[in-house]
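Please construct the entire structure, taking both the sequences and the accompanying hints into account.
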Amino acid sequence: MPLKKVNVYLVNHTHWDREWYFSHRDSLILSDLLFTNMIKELEKHPEASFTLDGQISILDDYVAVHPETKARIKHLVSKNQLQIGPWYTQPDALHVQGDSLLRNGMIGILLSRKYGKTMSVGYLPDTFGFNSQLPFILDELGLKSFVFWRGIDIKKTGSCYFICHSLGNSRKVIAVNMPQGYSIGMLLDASNQYVNQRLDPAVTFIEDQSNRFEPNILIPTGNDQMSIITNFSDQVAKINEIGKYHYQISNYEDFIEKISHETSLSDYMREFLDPVLARVHRTCGSSRMDIKLAATALEDKLVHQVEPLMVIGRKFAINLGDCILTDAWKKLLDSQAHDSLAGSVVDSVAEDILHRLKEGNELADGILNTIKRLISLRLKLSSNQVVVFNPLPRNTVDYCSVRIVSPTESVAFDGVDDSALVANKRIHGRDHLLQQTRSGDQQTNEPGYFISDYLVKMALPAMGYKILNFRADSELKLETTPIKQLQTEHFTVVFDSGHVDLKLNDGTVIHDFICLKDSGNAGDTYDYSPPEQDRAVTMLFRSASVFKRGHYEEMKLAGQFKLPRTLSDRRNGESNTEYRFTMTISYIADLLQIHVSVDNQIFDHKLVLAINTGSVNDKNIASVPFGYLTRSQQSVKDWQKHFVEKTVSIWPLDNNVTVENKKYSITIFSKMIKEYQQHGKYLLFTLLASTDQLGKADLINRPGRASGDTTKVGHPYIPTPGAELLGKHNYDVQIYFAKTFNKLVVAKIQEKINFQAMSYQIQNKNLFLNRLDNKLQDDLVPIAGLPTQFNLMDLPNGLCVSACYPSYFGNNATILRLFNPGKLAVAFKLPSGAQAVNALEDSREYHGIIAAYDLLSIKIQF
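Residue numbering for the sequence shown follows UniProt numbering, starting at 1 and increasing by one per position.
Treat the hints as calculated values from the structure; they're not laboratory data. Please note that a few of the clues may not be correct.
What the hints assert, rightly or not - Below, a list of computed lysine-lysine pairs in the DSS-like style, where the Cα atoms sit at most 30 Å apart:
# : residue 1 : residue 2
1 : Lys258    : Lys144
2 : Lys765    : Lys503
3 : Lys765    : Lys301
Here it is in structure tokens:
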């Protein structure tokens, strides 16, 4: 019986990890050889094509050292021989915000256009799983297809090729899975052995996986840092003389075009986290938390402070260059590549990542410093004034963090609803200092002063600023209370003999409401894995102090618990090392604020923050980029028969997660923590999982070979003492109680958490609190003054703000991105003169409705 005709499309490509167990500079050396050979081979064979891994950063790196090749590259791109972009780097798609993924595509496409055509495929060959809103993000970037490897369960999708829908079903893309990975066709060889034992079986495998006939099948022919396959067309011609299928040269765009006309593609709507055919490293969300904390802090600062403040600054002709903002983003995006952010790198590379993030923070802080100071100089602030900026395009009444440098220990603010001094530091005076004056250098004395942080409740105009007046006051200190409890209008937090309990006003008591739990970690930088016969221990607090001033209260808890220092000590039952930790609990604007600080001095362990929800529930509602998803506990018997790693119920934490019962719902917010687990009444948030190796074999949760190539021939085991994360680490969590769960309410709270107000004071007591204060002088400021209160825009309450930033695509405009967090469509009328666009700022159709779990990007000229 003759075979049905199957066309197999071979794509010559390379996958290019910029860093891993080698550094970014190492990969640059490799590109010097491999990319040069690629250019020569494509010029020699006009019929050939090559895909450069879907990320433009590696080509920009190469062109920076070989500028003479740019014209040749542009020619190859114009002939469709070389496929580049659309991403800046190959991103992690689970532990970053949706706006970071959009910036990755925006900047990637913007930079790719310098060379000509950008590949129109969302190509992500090695990313460790994908969030459920990726179709939405791809479509917003003008990408209508998606080629990937990890995370698929073909029993759920029906085929390797299908239509993938966003959660609100308003966006869709063609999804193409490479079930055997991007390297199945590597080392292409026109021999009977290769074709009969490797290539033909790879095609047959894809046929067998599908529940339908596959007339077109994709086989990628490349691997990590692999050079272009030479004489490709000659080899394919010889393969067709041997193989049982029809093989032809292709690229990803052409393959997508072929299958886009097929009418039997199935539909799928969900995240990709199933380790059926490939590992997804489900627990990498807690590896190298120092990198994740630093990357998240920079991401938050860029989206929610720097970009909105640049919009405000440009309204007053403070026009910092677009390239500075883009450069700050590049530092972050380089660090959000899938290996880099996952933490599956060697220590020397981890140091490189942290240094990049430090540089990105310096750029971000410099932008903020410049704009705030120049506006403050134009406002001619006095020594008893501070300006507070609202980066959110919505009028707000909320508590703001305000820093004041003053000669007195505390100050009072005029015209505010409430304020409290939450922290201060005394700086002692100094004698015999040099002061430069117009008449020459003089000796002087410098009096002492205080640097103080306040919580101030005040009304702020939408995406504007307001000036606060303050005066000396000695009655704002927090006062110690003898009662070890924190009282709110809805509940009471009680410290009792090392335990923290929560008493709701309806009489419900949640014992051990919050605590830390510790267990061993026999895993590696890819995954947590439990040691044999290991049990988690609960660490109780030793002391509590409660402070109060006005409406503000806080409880400070301290703990010290003996834990095993090493895995060997755990096996031997030796608890020999004091583990110190603190927790501060306060209640501000309906949120229970939790700050956790740990001093990690032990090895190979997993530390979690355990929050008792009081609900025995196997379901939770988790935020995902621009939407919500209900997740359930996973329990698979004989998982080794079906999966390549254990399907643990540990999930990526986007921003918040909710558990509800018949009496109340409880939502936990954290921008810092990246994974959580639901276990009985508890939600467990991993603070860190420390380890001593890059990759280990035969783990309890991940049997078989070591990830990271450390069990390949010639690859030694690689120790990672830096991944033990010794030292201090800090985390912030917010908790919200309500009678019922409401998506819009929770999304608006998240919006408030994201867009925190910023303050600035002109003072000469310490010109290095902000690094550029000492250099930003009055002569940079136009003479004209500013209004004392400014309002750029305001928005309706039915939608949430994702971002507001200056145009990235070369015009003097502002982009405002709104999203609908609910299951019902929301009507919204565009402001006068505004234009609906996508993330690339191309015009899009808009009919006055924002669909469920969808967004609207608006271009506005001010």
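For each hint, the structure was consulted:
1. In summary, the hint linking lysine 258 to lysine 144 is supported, as the alpha carbons are separated by about 14 Å, within the 30 Å threshold.
2. Among the hinted pairs, lysine 765 with lysine 503 is inconsistent with the structure: their alpha-carbon atoms are about 46 Å apart, more than 30 Å.
3. Simply put, lysine 765 and lysine 301 have alpha-carbon atoms about 26 Å apart, close enough for the 30 Å limit, and the pair holds.
When the structure is compared with the earlier hints, a violation turns up for hint 2 alone.
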